[in-house]
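S.K.: Below, each chain spelled out in residue letters.
Protein chains: 2
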Amino acid sequence: MTTQQLIDQIKLKKSFLCIGLDVDLNKVPQHLLKEEDPIFAFNKAIIDATHHLCVAYKPNTAFYEAYGLKGWESLDKTIKYLNQNHPEIFTIADAKRGDIGNTSKMYAKAFFEDFGFDSVTVAPYMGQDSVEPFLEFKDKHTILLALTSNAGAYDFQTQTVDGKEVYKHVLETSKSWKNAANLMYVVGATKAEYLADIRKIIPDSFLLVPGVGAQGGNLKEVCKYGMIASVGLLINSSRGIIYASNGKDFAEVAAEKASELQIEMAAILESL
Amino acid sequence: MTTQQLIDQIKLKKSFLCIGLDVDLNKVPQHLLKEEDPIFAFNKAIIDATHHLCVAYKPNTAFYEAYGLKGWESLDKTIKYLNQNHPEIFTIADAKRGDIGNTSKMYAKAFFEDFGFDSVTVAPYMGQDSVEPFLEFKDKHTILLALTSNAGAYDFQTQTVDGKEVYKHVLETSKSWKNAANLMYVVGATKAEYLADIRKIIPDSFLLVPGVGAQGGNLKEVCKYGMIASVGLLINSSRGIIYASNGKDFAEVAAEKASELQIEMAAILESL
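If you read the protein sequences in the order shown, they are chains X and D. Numbered according to the numbering used here, the first sequence spans residues 54 to 325. Numbered according to the numbering used here, the second sequence spans residues 54 to 325.
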């Protein structure tokens, strides 16, 4: 998917919501556990109920790997279901991968070609040659961790290198990499006040913003500092939507929660 | 496996060799491709031929993920084969994972409990709460990326924060984390001269050292600066061993190459 196609979808749906599909079998409604594939059954129900309210889905691979081969199979079914039924939706493998060049290439092949995701999240610690193999894929997007939403972000990301924080150094350096136009960035909503500075470095890039809701981030604040003319934001919510109810009405309640966010987003987009 | 058990194995086998099982179907001998599971067939042959010469095996997960569900299954068969037949061998999932706390816990569960690996490599960018969930597992080891062997290591890892490089900051900071005794570190052999400084910060920790051979690192240099009384080194070689021949004699030639390194290691250990 091209960035323009994503922007078009945002304008069409009046939404820049991404729903995180982080399926924990301890948290899904109990009646699903008797399904042959409870993880996929859960995802399918959530997707069927919410696809008109969001522009992206983001399964975090950890939740699938934790269930071994069966989990990996559920992830495969989920991305194939999305690509077959909702090819207009942007898909994100939240995998936080990154390795030396020839190895990163294998990861890129796995997520872009085999699974068919539109994008994958990548960790920057190993530098340029660990990220560029992901950037080679046409109309695929690499979402680089910049400033994450967790407490540990203050351990290294906000440390100052020559008067500039490590995460800013990541943003600046990555701009010079080959096919940098295929880069997006993860910036946590819990640090909305950093967004003004971030926009000075990457004025045009899309940001994937986790941490609205469960982690305490505020949508209006994020938009105030992070939104650009082409929107440039994907706001992720996981637990606040998919686990809003654990009864038989879980998909319906998820849609209600997604709708609340979409309505808020539509109002913000109108004022653009 | 405890660290002491690993040290005992090193002394018994007179080897601190780790063999990287990075299986690329474009590089394995062609006659294996007609096997039902060529990846596992390759690994089994390599393990059968080399297990007496090394103390650790390190499959890099990227190479398995690149083959989708089948690859994941081959990885599962490989670790189970190792645990059943060679429980004395230290196993490393080279996965370079790391995510917010509850998500890292899922990765830890996947690699330590479901697969049954002794250790996993983890990226430090997201800080303390992304690493500590891995450290909670008794007799399991978390191998934190410190200074990697690739060119991109100079992009962020060697940048200076308050007069100290980022990777040193990672080493120092991680020492205060809960269950830090379960930490080991990745330090690339291509940067042997850094090892003296690194040993000042972490005098007792095991280091996993990739980059000997194919990437140009030198074994003697690494030992000179990095070895401690309890050895404290695992030297990894992947391509230089497993792809030394791509004929029917591939396992035999792999054993020869592993043996060359083991003999060199035995001599170094004797001079300790």
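Treat the hints loosely; a few may be bogus.
Any copy will do: because identical chains look the same in the list, a pair fits if it lies in one copy or spans two.
[Said to hold, decoys possible] Below 20 Å or equal to it, Euclidean Cα-Cα: the simulated DMTMM-like pairs (lysine to aspartate or glutamate) are:
1. K162 / D215
2. K133 / E89
3. K67 / D167
4. K162 / E126
5. K123 / E225
6. K158 / D77
7. K162 / D77
To be clear, the hints were calculated from the coordinates, so they are not data collected in a lab. Please read these numbers as outputs of a predicted model, since none were measured by experiment.
S.K.: A separate judgement is required for each hint: does it hold in the structure or not?
M.R.: Comparing the hints with the structure gives:
Proximity of K162 and D215 under a CA criterion of 20 Å is satisfied in neither setting, with 36 Å inside one chain copy and 39 Å between copies. Proximity of K133 and E89 under a CA criterion of 20 Å is satisfied intra-copy only: 17 Å inside one chain copy versus 25 Å between copies. With identical chains, the CA atoms of K67 and D167 are never at most 20 Å apart, being 31 Å at best within one copy and 42 Å at best between copies. When the C-alpha separation of K162 and E126 is checked against a cutoff of 20 Å, the pair qualifies both within a copy, at 17 Å, and between copies, at 18 Å.
Taking the closest pair of Cα atoms, K123 and E225 never come within 20 Å of each other, the shortest separation being 40 Å inside a single copy and 39 Å across copies. Taking identical chains as interchangeable, the C-alpha atoms of K158 and D77 lie at most 20 Å apart only when they sit on different chains, with a minimum of 12 Å there against 29 Å within one chain. Taking the shortest Cα distances, K162 and D77 sit within 20 Å of each other only across copies (12 Å), while inside one copy they are farther apart (26 Å).
In summary, the numbered hints that this structure violates are 1, 3 and 5.
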